[in-house]
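Colleague: Sequence:
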Amino acid sequence: MAYDDQNVFAKILRGEIPCKKVYEDEFALAFHDINPMAPVHVLVIPKGPYVSFADFAREADAETVAGFFQAVNTTARELGLDPQGYRILANHGPTARQEVQHFHVHIFGGTDLGPMISRVGG
Numbered sequence: 648m649a650y651d652d653q654n655v656f657a658k659i660l661r662g663e664i665p666c667k668k669v670y671e672d673e674f675a676l677a678f679h680d681i682n683p684m685a686p687v688h689v690l691v692i693p694k695g696p697y698v699s700f701a702d703f704a705r706e707a708d709a710e711t712v713a714g715f716f717q718a719v720n721t722t723a724r725e726l727g728l729d730p731q732g733y734r735i736l737a738n739h740g741p742t743a744r745q746e747v748q749h750f751h752v753h754i755f756g757g758t759d760l761g762p763m764i765s766r767v768g769g
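Under the working numbering, the first residue of the sequence shown carries the number 648, and numbering increases by one thereafter.
None of these hints come from the bench; they were simulated from the model. This one's a predicted model, so the numbers in the text were calculated from it and none came from an experiment. Possibly wrong hints are sitting among the right ones.
Calculated pairs, SDA-like style, for lysine to any residue (alpha carbon to alpha carbon, straight line, at most 25 Å) [stated by the list, open to error]: (1) Lys668 / Gly727; (2) Lys694 / Phe674; (3) Lys667 / His679.
All chains, full assembly: derive it from the sequences and hints.
Modeller: Structural data, given as structure tokens:
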């Protein structure tokens with residue numbers, strides 16, 4: 648799938664849509680989700696045009712991959728989530744319900760998050 652530079656995260660990266668920024672560096676931007684599913688729900692997006700995790704892993708150089716995941720770690724630490732714990736999640740493709748076609752990681756925390764995933768498919 649080709650990257651759509653009109654997706655909402657691309658517009659956020661360009662400053663066309665505002666966000667409630669948590670962290671930013673040369674590799675990533677982290678901001679609060681507009682529809683939080685936990686007391687802390689932050690999205691971390693790479694600054695490059697990557698559709699999904701597979702696209703990011705295949706196309707990004709090693710420095711970009713490492714820098715992005717360091718940004719995820721720094722964001723969680725700056726949110727104060729390290730001591731009690733947190734969950735990171737990345738959806739890939741339609742059956743995982745990836746809503747925005749720009750690779751991103753969700754950071755959830757601030758409460759007991761329950762089981763990792765509910766039973767699916769019977």
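Colleague: Hint by hint, note whether the structure agrees.
Modeller: Each hint, compared with the structure:
no.	hint	in the structure
1	Lys668 / Gly727	15 Å, holds
2	Lys694 / Phe674	6 Å, holds
3	Lys667 / His679	6 Å, holds
The structure fails none of the hints (numbered hints given earlier).
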